[in-house]
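> What follows is the residue order along each chain.
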Amino acid sequence: MNYETIIGLEVHAELSTKTKAFCSCKNEFGGEVNTNCCPICMGYPGALPVLNKKVVEYAVRAGLALNCHISLFSKTDRKNYFYPDLPKAYQISQFDLPLCRDGRIKIEIDGQDKHIGITRIHIEEDAGKLLHGTESEDYSLVDFNRSGVPLIEIVSEPDLRSPLEARLYLEKLKGILEYLEISDCKMQEGSLRCDANISIRPVGQKSFGIKTEIKNMNSMKALQRALEYEEERHRRILSQGGTIIQETRRWDEAKGITVSMRTKEQADDYRNFPEPDLVPIVLDKEWIESIRKDLPELPDDKRKRFVKEFGIPEYDASILTLTKELSNFFEECAKGHKNPKAVSNWVMGEVLRIMKEEDIELKDLNIKPQSLGRLIDLVDEGVLSSTGAKQVFEEMYKTGEEPEVLVDRLGLKQISDEDAIAELVKKVVDENQKTVEDYKRGKTNALGYLVGQCMKASKGKANPQLINKMLRDLLS
Amino acid sequence: MNTLDLFSLTLHEIRDMMRNGEISSKEVLDSVYGRIEAVEDKIEAYLTLTKDYAYEAAESIDKRRLKGEKLGDLAGIPMAVKDNISTKGIKTTCASKMLENYIPPFDAHVFEKLKEAGAILVGKTNLDEFAMGCSTETSAFKITKNPWDLERVPGGSSGGSAAAVAADEAYFAIGSDTGGSMRQPASLCGVIGFKPTYGAISRYGLVAFASSFDQIGTFAKDVEDCAIILNYLYGYDEKDTTSLPIEFGDFKEALNKDIKGMKIGLPKEYYDKGIDGEVKEMILDGVKVLERLGAHVEEISLPYAKYAVPVYYIISSSEASSNLARFDGVRYGYRAKEYKDLEELYVNSRSQGFGSEVKFRIMLGTYSLSSKCYDTHYNRALKVRRLIKQELEEAFVKYDILITPTYPTIASKIGEKSEDLVAMYMSDICTVTANIAGIPAMSIPCGFSKGLPVGMQIMSKAMGEADIIKAAHAFEKNTNYYKNKPTL
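Going down the list, the sequences are from chains A and B. Counting from 0, one number per residue, gives the positions in the first sequence under numbering that gives the first Met the number 0. Counting from 0, one number per residue, gives the positions in the second sequence under numbering that gives the first Met the number 0.
These are calculated hints, taken from the structure and not from any lab test. A portion of the hints provided could be inaccurate.
To be verified - Computed cross-link-like contacts, DSSO-like style, restricted to lysine-lysine with a CA-CA straight-line distance of at most 30 angstroms:
1) B:90 to A:128
2) B:336 to A:78
3) B:259 to B:388
Only chain A is shown next, with the shape it has when bound in the complex (with noise of 0.2 angstroms):
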């Protein structure tokens, strides 16, 4: 049987708010433990949360940019479960009125646009963090820093048909939300955490499927793995006339894997309610309007932008525009250079290649887009190889150097002076009688010979393009 596969995806997205959600806490990743909380934070007796009014802000952008609307009236709730890292034993979320709901992200697959829904996006409060003692030692700790930093978590509708387009509207959210500037969005220190939950039904049927909700996915790639993983194992217990159980299941990356956490009977009863200590939200529609008009630039309308302006191929455009980062690099460096499309080819080529393979962020690439814009110019004007170019670039970002110091230090500069070449151009003649007379009766391909062993000559440096051209003069 033919099966039709249905995700979505719950987002949960730290705010990168200058303070926590509900006090005047530093909100700040890796500080030593224990340092940013407070009686409120900490859930003492007696203390009263005050919501900041920059989170509400925040997810306001988040709603305008994401198409939702965005309501004049919402309210704070209190989800209660008891968990060590969670000091009041409840979480300050949105539970029915949520302060952004239907909205939309497009999203490309296979050369087609594709609107996947926004369900709403709510406001809430992260919880610490536990720190596990070893085998021996017989205790946990808790790091209250993260108690209480703002989260906006984002829910989709079960709009998304393969693993591949959750990747790709997770990839989408991220870039958005880095260019609004509201969240960090590193998966792997979890400031931007996915949830998905999956179904599969045969193709035609209109009722959905049992689903089963994904936990721990840290990556990108786990994202799509764990929910290709998850799809097959539905299809397999389907196929043999089984049933899926309705539970949690933790996306375990090493076994490549997905391991039941609990199940629908085992969920808690959070006896959500409104959080009496918080006034609701009520919101100003002038105010909402000028969160809207300084929006900034998003992916898609600096993707055309792109191609109109530096006239490079809608695909480059596409990846040079994934993340703000990269979007801002590739634009300093392009803006005012004569050869947009070079720079492109070496900012998704070289640039994103060695980001890669040394794991680093585009901020920890040691290299200023201006010196990139340098590098590539000595390429035009002839006195660079490509091949010495690669060699530069690989310097520069080991030693932070400009690109003009390195390529006198590792005298890659090509010889274009047009009577050094000529000398050299002749003595490689004078050499090779035998091959110039193969070539003056039409062995073309001799020259290619003669235009090696003049390379040779010169230990690589000579400038081949003029090479060419000086044989060619000489012998005909």
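Guided by the hints, dock chain B onto chain A, whose structure is given.
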């Protein structure tokens, strides 16, 4: 006057004597601690005495006064604070084993304000565990006695604060009122108990019982004292988003006012069966006093009033089940000595750390919020709450104040009522309405039945405090019940 009897005066009398240089703050404190030494063994109003702290504060006030600094009404006045209000560096136990050794790292907003005003903390007072109860008998530590009859309860939950003021162990006392926890003990102890409009006083630092009902208030010896104290407690606080950004003005301006033409409603549902005959008579006598002073009195009906108790218990217990969930033995407070895993750490710590009344309410609240019961219990209670509120708002279009008994009976014997939970809960009928609707209400002494005090409750519309003070002061000047003192 013998300085030894200073404790029996009112706040404003003591204030004047200190201002005139007749006595020092230290002498006042000596008198109060002398009184505490003499009667506290019998009353047991306090859980913690803060003598060192108090003398240090009194000394500083005296120094400032000597320098000629002009000090406010509360400067150098000894006060008591209920032990569910956070005091930095001073134990705040909520009368629970759970917080037996908890020392808060921060001050409640009200305590900060009172300290700034120069009021001096004498000690922290006893209460029903986590303010749940109406007799102070659910305290994990001691049973406070009613100063008028040591075999009877002082009421609750702020029984320690009420008894401390009634026994002259403090000039005033801060308490909290979630469903009558100030007015009811005030009624039973023969003092004034005032619950403000919801949001008028910051809740920051009040250990939450039911956040949408909780309100900090004061016990006072007379109406003038009450007005003075409220002036210092009221005001917007950015740390509590439910606090009202409103100026209430000077409550002293409501003193000594003519009440001619004031419209008073008597909701008949509050004078129904269940109210002790003598108590009812006393309230109606009190109303007659006001009528003689020129007020118009009419009987009215508030049909939704009969739902007030179940609405109150469902919502307050629901909020409590969530508010008290943080006491899990992980970060502070009581932790069970033995447990095998995390689940047992929670279960054992909470089973051993909480008393039975608190556990009962947590269970009731957890049940009311469960997905199975949310609509039939919690959500329905919210809807009825809105109806009760509306009904009162309509009544206050016509009437300036409503008068009811504060409590259906006089104080009961210790141990007497605790057996019958539902009967005990039903007796909250008169007080819970004000918390449900968030309106201000005061209990003022209006006579004695079998030698025990009876309180009359005056309610007004939200932010109508001045009307209550106006009526109460007129009543007090023409009755003077507050001048009666228990013999100890």
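> Each hint needs a verdict: does it hold in this structure or not?
Structure-based check of each hint:
About 29 angstroms separates the Cα atoms of residue 90 of chain B and residue 128 of chain A, which keeps this hinted pair within 30 angstroms; it holds. Restraint check: the Cα-Cα separation between residue 336 of chain B and residue 78 of chain A comes to about 29 angstroms, which is no more than 30 angstroms; the hinted pair holds. Simply put, residue 259 of chain B and residue 388 of chain B have alpha-carbon atoms about 28 angstroms apart, close enough for the 30 angstroms limit, and the pair holds.
Every hint, counting from the list given before, is met by this structure.
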